[in-house]
Amino acid sequence: MTQQASDGSTAIEVVGLTKRYDTVDAISDINFQIKTGEIFGLLGPNGAGKTTTLRILITVLTPTSGSARVHGFDVCQEATKVRRIIGYVPQERAIDRFLSGREHLLLLGDLYHLSKQDTLRRIDEILKLVNLEDKADQRARDYSGGMKRKLDIACGLIPDPKVLFMDEPTLGLDVESRLRIWEHVLGLKERGITVVLTTNYLDEADQLCDRVAIIDEGKVRVIGSPKKLKADLGGDGISLALLESEREIDTLMSSLQALPGIRTVKANGAGLDIRVDTAEAALPRVLETVAKSGHGVDAIDYHRPRLDDVFVAHTGHAFRNEASVNTDG
Amino acid sequence: MADYIQETLALTMRWVTRLSRERFSLLFTLAQPMLFWLILFGSLFQGAVDIRGIDAPNYMSFLAAGVVVMTVLNNGLAGGVDLLFDKENGFLERLLTSPISRSSIIVSRYIFVMGITSMQVVVILLVAYFFGVHPETGFGGVAGTVIIGLLFGIGLTSISMAMAFAVKSHGDFFSVIGFLSLPAIFLSTALVPFDAMPGWMAFLAHLNPMTYAIEAIRSLILVGWALAPLVKVVLVMIAFDALCLYGSVGIFKRNVG
Chain A
1 MTQQASDGST
11 AIEVVGLTKR
21 YDTVDAISDI
31 NFQIKTGEIF
41 GLLGPNGAGK
51 TTTLRILITV
61 LTPTSGSARV
71 HGFDVCQEAT
81 KVRRIIGYVP
91 QERAIDRFLS
101 GREHLLLLGD
111 LYHLSKQDTL
121 RRIDEILKLV
131 NLEDKADQRA
141 RDYSGGMKRK
151 LDIACGLIPD
161 PKVLFMDEPT
171 LGLDVESRLR
181 IWEHVLGLKE
191 RGITVVLTTN
201 YLDEADQLCD
211 RVAIIDEGKV
221 RVIGSPKKLK
231 ADLGGDGISL
241 ALLESEREID
251 TLMSSLQALP
261 GIRTVKANGA
271 GLDIRVDTAE
281 AALPRVLETV
291 AKSGHGVDAI
301 DYHRPRLDDV
311 FVAHTGHAFR
321 NEASVNTDG
Chain B
1 MADYIQETLA
11 LTMRWVTRLS
21 RERFSLLFTL
31 AQPMLFWLIL
41 FGSLFQGAVD
51 IRGIDAPNYM
61 SFLAAGVVVM
71 TVLNNGLAGG
81 VDLLFDKENG
91 FLERLLTSPI
101 SRSSIIVSRY
111 IFVMGITSMQ
121 VVVILLVAYF
131 FGVHPETGFG
141 GVAGTVIIGL
151 LFGIGLTSIS
161 MAMAFAVKSH
171 GDFFSVIGFL
181 SLPAIFLSTA
191 LVPFDAMPGW
201 MAFLAHLNPM
211 TYAIEAIRSL
221 ILVGWALAPL
231 VKVVLVMIAF
241 DALCLYGSVG
251 IFKRNVG
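As you go down the protein sequences, you meet chains A and B in turn.
Reminder that position 156 of the first sequence reads as 156 in the working numbering, one-by-one numbering, no gaps.
Reminder that position 90 of the second sequence reads as 90 in the working numbering, one-by-one numbering, no gaps.
Source of the hints: derived by calculation from the structure; they are not laboratory data.
All C-beta atoms in this analysis are idealised placements derived from N, C-alpha and C, irrespective of residue type, glycine included.
Take the hints with a grain of salt, since some may be wrong.
Said to hold, decoys possible - Derived coverage of chain B by chain A (criterion: at least 3 residues anywhere in the stretch with Cβ under 8 Å from a Cβ of chain A; other residues may be distant): (1) 4-11; (2) 87-94; (3) 97-103; (4) 193-202.
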């Protein structure tokens with residue numbers, strides 16, 4: 001595999017991408033750029049438009065309007081050139097159960113027009129990489145869910161891609177397999193491969209992706225690194241549940257607001273939601289002020305901003321997944 | 001061109017590998033027309049009825065052409081099944097993201113279905129030979145039979161693949177196949193000649209392209225190198241294939257273009 005430096009050049013550029021079915025926009029006016037060598041996540045609930053966006057990028061779906069380029073090649077005009085430099089790991093286990101793992105890779109070698117030698121060399125390397133050497137000659141129908149996913153990734157790596165697209169790479173996997181897939185993805189990044197993945201797992205976006213685009217109802221709501229998105233949200237959150245919460249709290253709220261390091265104070269019916277610069281610095285002052293006001297505290301909770309908070313802040317609603325829990329493993 | 005050959009060959013070999021892994025299915029596919037239609041059905045009706053209009057030494061030598069074309073019909077109509085499964089499990093999408101000519105997927109399927117069908121046709125004629133059906137036209141007739149089978153099979157396989165792409169679920173696919181197959185057989189001269197059919201069935205049988213394939217092959221087996229049925233079958237098959245391809249190409253383009 002070739003080493004590609006993450007030199008900050010643009011791997012993917014998406015401009016005004018829209019896909020309309022009848023009168024409904026599956027996605028509308030999607031814009032983003034992905035840098036070479038980064039792990040980029042399209043995060044959103046099911047039906048948000050992540051997969052539609054991805055399917056346009058991998059050249060199997062034509063957009064209604066807008067354009068997308070992969071390393072400068074237009075996904076519609078120059079589809080074959082795009083196909084030569086991308087790998088794809090589909091969401092379904094797109095596996096032929098009658099073939100062995102190695103036979104899958106041999107077939108793909110021919111579809112990418114590699115010489116027999118190149119194919120064999122690459123297969124050895126990839127099988128080692130995804131840790132599937134022992135099982136390579138078994139029929140795929142005997143593979144576990146995690147092994148199928150590894151074979152999927154191996155298939156995606158046959159073209160020695162500059163960009164690897166992964167559709168929900170850990171959907172339905174057990175925790176251990178998930179962590180192992182994350183390791184593989186990080187390993188690909190080290191080799192200089194740009195990884196674009198869709199996910200509806202907040203923690204996956206948070207821990208794996210360099211940057212995420214939050215997509216909701218077919219639109220990009222915000223783009224940035226998880227760290228920055230959370231920092232932009234403004235400090236930590238403190239929730240206080242007050243005893244006798246029906247008591248007059250306006251005075252309390254304004255005296256809290258006057259404290260240093262406090263950003264916003266909102267009443268939530270049972271108490272107060274307070275955003276602060278750092279919880280450690282603010283908490284003693286907050287509790288002191290509450291005690292002085294004569295209110296009793298029922299419960300205290302504080303947390304760093306999470307990606308769910310970011311999602312709520314930018315979409316106006318909580319992150320919901322109507323996904324059935326038992327998606328096939 | 002070298003790329004095209006490489007990818008088409010690889011895709012074709014995939015179908016062959018799959019078939020070789022399904023030993024039982026292979027065995028039953030091969031044996032079904034022989035055992036059920038030729039041997040059982042043929043023997044049953046050998047002495048059971050004296051069918052009007054049969055100009056043959058025995059019923060089995062009349063039936064052989066019908067069994068050959070029924071096999072072509074069933075193989076052709078089922079020709080899209082594997083694409084249907086590829087579509088449903090996402091394998092097709094994987095193929096479509098690789099830098100292949102889209103047509104190589106379709107072409108690999110034609111090669112595979114036609115290859116299997118030709119082998120089956122030869123085996124049926126061989127089994128029939130042991131039951132005393134000796135074609136008047138010898139080996140040349142066997143080749144002619146295979147060619148007629150291919151001509152008919154191309155159109156059928158096109159319909160089947162187009163349907164595999166067009167249907168919403170594989171249940172729909174199998175319902176349509178099942179619905180087409182038996183009427184096509186009964187409304188042809190596969191089992192009885194025109195003279196033994198009620199008028200309206202004979203009329204419909206004349207509109208059925210399958211009839212022309214059967215009549216031509218039957219003439220090769222029973223009569224010899226008669227020109228009229230051969231000219232007819234070539235013309236009818238060209239028209240049939242043209243129609244099927246015309247109907248399918250648009251669907252292929254939309255789905256794998």
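Structure-based check of each hint:
Check on the segment 4-11 of chain B: 5 of its residues sit with their Cβ under 8 Å from a Cβ of chain A, so the three-residue criterion for coverage holds. Counting residues of the segment 87-94 of chain B whose CB lies closer than 8 Å to any CB of chain A gives 5, which reaches the minimum of 3, so the coverage claim holds. Proximity of the segment 97-103 of chain B to chain A, defined as three or more residues with a beta carbon under 8 Å from a beta carbon of that chain, is established by the 4 residues found. Evaluation of the coverage hint for the segment 193-202 of chain B: breached, as 0 residues show C-beta separations to chain A shorter than 8 Å, against a requirement of three.
Violation of the numbered hints given earlier is confined to hint 4; every other hint is satisfied by the structure.
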